[in-house]
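S.K.: Each chain is listed here by its residues.
There are 2 protein chains.
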Amino acid sequence: MAHLTDQEIASKATIRPIGEIAEKAGIPDEALELYGKYKAKVDIKNLDGNADDSKLVLVTAMNPTPAGEGKSTVTVGLADAFNQLDQKVMVALREPSLGPVMGIKGGATGGGYAQVLPMEEINLHFNGDLHAITAANNTLSALIDNHIHQGNELNIDQRRITWKRVVDINDRELRNVVVGLGGPTQGVPRQDGFDITVASEIMAVLCLATDLMDLKERIGKIVFGYTFDKKPVTVGELGVEGALTLLLKEAIKPNLVQTMEGTPALIHGGPFANIAHGCNSIIATNTARKLSDIVVTECGFGSDLGGEKFMDIKARFGGFKPDAIVLVATIRALKMNGGVAKTELGNENVEALKSGIVNLEKHIENARKFGVEPVVALNDFVTDSDAERNFVLDWCKERNVKVALTQVWEKGGKGGIDLAKEVLAALETENNFKHLYEDELPIAEKIEKIVTEVYGGDGVIFTDKAKRQLKEIEDNGWGHFPVCMAKTQYSLSDDPKKLGRPTGFTVTVRELIAKTGAGFVVALTGDIMTMPGLPKVPSANAMDVKEDGTSTGLF
Amino acid sequence: MAHLTDQEIASKATIRPIGEIAEKAGIPDEALELYGKYKAKVDIKNLDGNADDSKLVLVTAMNPTPAGEGKSTVTVGLADAFNQLDQKVMVALREPSLGPVMGIKGGATGGGYAQVLPMEEINLHFNGDLHAITAANNTLSALIDNHIHQGNELNIDQRRITWKRVVDINDRELRNVVVGLGGPTQGVPRQDGFDITVASEIMAVLCLATDLMDLKERIGKIVFGYTFDKKPVTVGELGVEGALTLLLKEAIKPNLVQTMEGTPALIHGGPFANIAHGCNSIIATNTARKLSDIVVTECGFGSDLGGEKFMDIKARFGGFKPDAIVLVATIRALKMNGGVAKTELGNENVEALKSGIVNLEKHIENARKFGVEPVVALNDFVTDSDAERNFVLDWCKERNVKVALTQVWEKGGKGGIDLAKEVLAALETENNFKHLYEDELPIAEKIEKIVTEVYGGDGVIFTDKAKRQLKEIEDNGWGHFPVCMAKTQYSLSDDPKKLGRPTGFTVTVRELIAKTGAGFVVALTGDIMTMPGLPKVPSANAMDVKEDGTSTGLF
Chain A
-4 MAHLTDQEIA SKATIRPIGE IAEKAGIPDE ALELYGKYKA KVDIKNLDGN ADDSKLVLVT
56 AMNPTPAGEG KSTVTVGLAD AFNQLDQKVM VALREPSLGP VMGIKGGATG GGYAQVLPME
116 EINLHFNGDL HAITAANNTL SALIDNHIHQ GNELNIDQRR ITWKRVVDIN DRELRNVVVG
176 LGGPTQGVPR QDGFDITVAS EIMAVLCLAT DLMDLKERIG KIVFGYTFDK KPVTVGELGV
236 EGALTLLLKE AIKPNLVQTM EGTPALIHGG PFANIAHGCN SIIATNTARK LSDIVVTECG
296 FGSDLGGEKF MDIKARFGGF KPDAIVLVAT IRALKMNGGV AKTELGNENV EALKSGIVNL
356 EKHIENARKF GVEPVVALND FVTDSDAERN FVLDWCKERN VKVALTQVWE KGGKGGIDLA
416 KEVLAALETE NNFKHLYEDE LPIAEKIEKI VTEVYGGDGV IFTDKAKRQL KEIEDNGWGH
476 FPVCMAKTQY SLSDDPKKLG RPTGFTVTVR ELIAKTGAGF VVALTGDIMT MPGLPKVPSA
536 NAMDVKEDGT STGLF
Chain B
-4 MAHLTDQEIA SKATIRPIGE IAEKAGIPDE ALELYGKYKA KVDIKNLDGN ADDSKLVLVT
56 AMNPTPAGEG KSTVTVGLAD AFNQLDQKVM VALREPSLGP VMGIKGGATG GGYAQVLPME
116 EINLHFNGDL HAITAANNTL SALIDNHIHQ GNELNIDQRR ITWKRVVDIN DRELRNVVVG
176 LGGPTQGVPR QDGFDITVAS EIMAVLCLAT DLMDLKERIG KIVFGYTFDK KPVTVGELGV
236 EGALTLLLKE AIKPNLVQTM EGTPALIHGG PFANIAHGCN SIIATNTARK LSDIVVTECG
296 FGSDLGGEKF MDIKARFGGF KPDAIVLVAT IRALKMNGGV AKTELGNENV EALKSGIVNL
356 EKHIENARKF GVEPVVALND FVTDSDAERN FVLDWCKERN VKVALTQVWE KGGKGGIDLA
416 KEVLAALETE NNFKHLYEDE LPIAEKIEKI VTEVYGGDGV IFTDKAKRQL KEIEDNGWGH
476 FPVCMAKTQY SLSDDPKKLG RPTGFTVTVR ELIAKTGAGF VVALTGDIMT MPGLPKVPSA
536 NAMDVKEDGT STGLF
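Chains as they are written, first to last, in the working numbering: chain A, -4 to 550; chain B, -4 to 550.
Accuracy of the hints is not assured; some may be wrong.
Copies of the same chain look alike in the list, so a pair counts if it works inside one copy or between any two.
[What the hints assert, rightly or not] Simulated crosslink set (DSS-like; lysine-lysine; CA at most 25 Å straight-line):
(1) K462 with K50
(2) K460 with K216
(3) K531 with K216
(4) K32 with K19
(5) K541 with K225
(6) K493 with K337
(7) K364 with K225
(8) K316 with K444
(9) K531 with K226
(10) K493 with K226
(11) K226 with K83
(12) K541 with K40
No lab work stands behind these hints: they were computed from the structure.
Kindly generate the complete structure, drawing on both the sequences and the hints.
M.R.: Structure representation (structure tokens):
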């Protein structure tokens, strides 16, 4: 049977004028700014409502295969299922980065019959948020280098500029560059590098700000480098937080779209979860909470990455908590964690499931560590066998773990009704949510706690450089920040090859970077790159656009 | 008397919902895509109308002062005057580049009471066109470098890549860079550089394309570099023209806004006129021609730059002609061309006017060379004296040159009624428009003709490099392209210090670049830079945004 691509399914779907969706969501006209017929921005200053009587459902996952386990798909499908059960629901998602879309990933708007629309526009420029972030980030870079070139009143050491330029493109060629060549009128030569836009602190700041003035304050606090006597220098000292915030005044407004079943969806902000904190914006989550009774939101990758950061960073700054946690698991990922090669994941293998399910077990324990009893969503694939499905469902039931088979890819919301009912039951009882650590714990101990409790490791090794940076961070008064771990998504450890539920490992922190605007400290482990590369045959090669503006190749 | 800033005037203006403006312009609902309440894109495939029964008014200028002579202001004010005279009129303008807005220039949406609204949004990200162009340009760069890194099937010589990356920021630090450092997994090291986005061939191509499929065809023809055996390599050979065009499918739609007096305005595309061809898109001009009886459009800088390129490039590719030409002159620019220092331009000096007016004389002759009798618009400044005004008006009348004093900055359309009446009279009679040269003339002779006839020089000197490139261009079969001169805007010559009406000079062409997608050959003269720098105190430092999203500092 030939399957339709996600893009083909999306192109056949009925899409409603966004005004209808806004009305359904209870967004008044004066808060709605249309972007074409099917997208809008929401001006939150024109919005009433109390966020605290809403329930928040967080969708996270086990450690994934490279193709992903359909977390966005389950998030969308679960919201559609709530919608079918007549719940007042909204979904809050991250917005896709253009780099991976053009590179290896294709679209990032759910899949099958659980997608958000219009998928082409969301996957391409959407409403310009990422472009605005790129512009603000690179305007700051130009202003810093110009300041040095024009006399350097702030005594900035060009060898100690930590602020990098960004592009929203997978461009390995820009990872390590030398800029400012060409002689005295062409800037000051220095070593530099580009990150992908979603790794920019501007993205993190936009996603963690609670309103425009909080955004400006946070941008003012960003440290972009150090003086020759090693003192941090902030955007506020350069005097350009107003201009940078001005560049973000539209980007800060959450974007309203719809699922294929007409459920209102806010898609806003998209930091990667391996190199950044991996959640949609606090503003979007709070807007959805104001507007609806149930909000379904996702975080990037597994409970060890996006999940932990949701609890310890986003929930902390946002002042909310997850009322329920959904853990997405797939037969494929369980088998891979049981040692099966990527090319063999389509073949039945219950033995591999048995050895791989320890990975899921750890993620279940992780949710409980935060005081929340999770619901496992077994996301169905056409290659799964009944024996395999039953093994996972039985395994969960035997351990009193709530579980539901979801078939939202194939059936839309209808395929998520069982899951929705389990989650509704979970929402009935108040949980005992708590952060993993308190602000006061020193940075090194925060990392230690994440590694031992969430990753299941024995401890942390700090390189000499990281040790020096730890001291600098505490000396600069940033020790109270939460930690944003940069780690591979493929393993609970910092080694992507250690699958299943590794034990007896340590995690090496090679570098620490204080993001003083975002208000967290990034701990870099393993080979996490902040600028991806393109594959030998990029997705871009298969893309095309026709005379009427319709396109192909976005998967 | 304290004057209001342009931004203050704009913020006090009444702005109408863009749907009302669209209705006035005769744009049907199905062709209108709202971007917020006051901006829209026009989907031209849903638009009827015959362009050829419309009259096109081109606004150009004499050689300007660094502050500019208010060409956009006159263009907007003239359209508003036609509107007041009950003509069915639209204005077609270029969209501003963010780089100069943040750098030295402030807003670029007209001034005083002759502005387009909403000025903040137009000056910042507008509807995302420039960001889409940046993304398409840099995606191509990443795809080229990735192709080389992944085995280089096309045999591209990394020393002969002519395609540069771009940012829409004045960032001198990126003029000369080395990319691909860091070892074998981090790309192929090579020398590179960034241009400002408006200098990208993607911008030129977008502005010269007649529809989406023409855009794709042109992008496929872009030569981005040469093989080791010096053969040109095109985007089509790389197989990514579909993806790049897909990135531009929204950007190709012209943007509808309004003047402060409610005249419909299309703002679309913005190549610089000193380094590129300097006109808004053919699609916007043709859309305005379809919709209205009179279209007022501008080109960048003087008749020697944007004017010549409008006639020889845009009009050639667009298949239309200017039915009237307005030449904007100011007392200030005339005095500067008469040798007065910038700081003294506010003081009465009729003697300097007498020696500077030869500059205007040459621009009048230039319009006539294209077969069009111009109308001089003397754009009034508060520092001008009656003696000065009368001198210019009399000088024109004595020579049978049509002239009108315009006070649109101070009075809006009312201040442009005299000018509008002169232009209406000019539109009554058919002109004898012709291009300066035919396609068949060799590139060197085209340049010779521009220099001798439009600039008033004695001839052209080609550097050895340029001579070699001339031969390559003819050998590659690109000799039939028109020429896009890159020259200083401050002088009719290639030396910004030669003011007035210089004679006895030669122009040195130091480099020639074939833009095979745009379909023209760029001839670089003097020190024209394709990446501006920021001044010591950039405009960004004065910008701020308030809690309600309103801003200050955009001038």
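S.K.: Confirm or reject each hint.
M.R.: Now for the hints, and whether the structure bears them out:
1. Taking CA atoms no more than 25 Å apart as the test, K462 paired with K50 passes in neither setting, with 41 Å inside one copy and 72 Å between copies.
2. Taking the shortest alpha-carbon separations for K460 and K216, only the intra-copy value of 24 Å comes in at or below 25 Å, while the best inter-copy value is 50 Å.
3. For a Cα distance limit of 25 Å, the shortest separation of K531 from K216 across copies, 23 Å, qualifies, whereas the shortest one inside one copy, 40 Å, does not.
4. Both within a single protomer and between protomers do K32 and K19 lie at most 25 Å apart by alpha-carbon distance, with minima of 16 Å and 20 Å respectively.
5. Proximity of K541 and K225 under a CA criterion of 25 Å is satisfied in neither setting, with 55 Å inside one chain copy and 33 Å between copies.
6. Within a single copy, K493 and K337 get their C-alpha atoms as close as 15 Å, which meets the 25 Å cut-off; across copies the closest is 70 Å, which misses it.
7. Taking CA atoms no more than 25 Å apart as the test, K364 paired with K225 passes in neither setting, with 39 Å inside one copy and 63 Å between copies.
8. Taking the closest pair of Cα atoms, K316 and K444 come within 25 Å of each other only inside a single copy of the chain (20 Å); across copies the shortest separation is 73 Å, beyond that limit.
9. Within a single copy, K531 and K226 get their C-alpha atoms only as close as 43 Å, which misses the 25 Å cut-off; across copies the closest is 23 Å, which meets it.
10. Taking the closest pair of Cα atoms, K493 and K226 never come within 25 Å of each other, the shortest separation being 40 Å inside a single copy and 48 Å across copies.
11. In this assembly of identical chains, the alpha carbons of K226 and K83 never lie at most 25 Å apart, being 51 Å within a copy and 62 Å across copies at closest.
12. In this assembly of identical chains, the alpha carbons of K541 and K40 lie at most 25 Å apart only when taken from different copies (12 Å versus 39 Å within one copy).
Checked against the numbered hints given earlier, the structure breaks hints 1, 5, 7, 10, 11 and satisfies all the rest.
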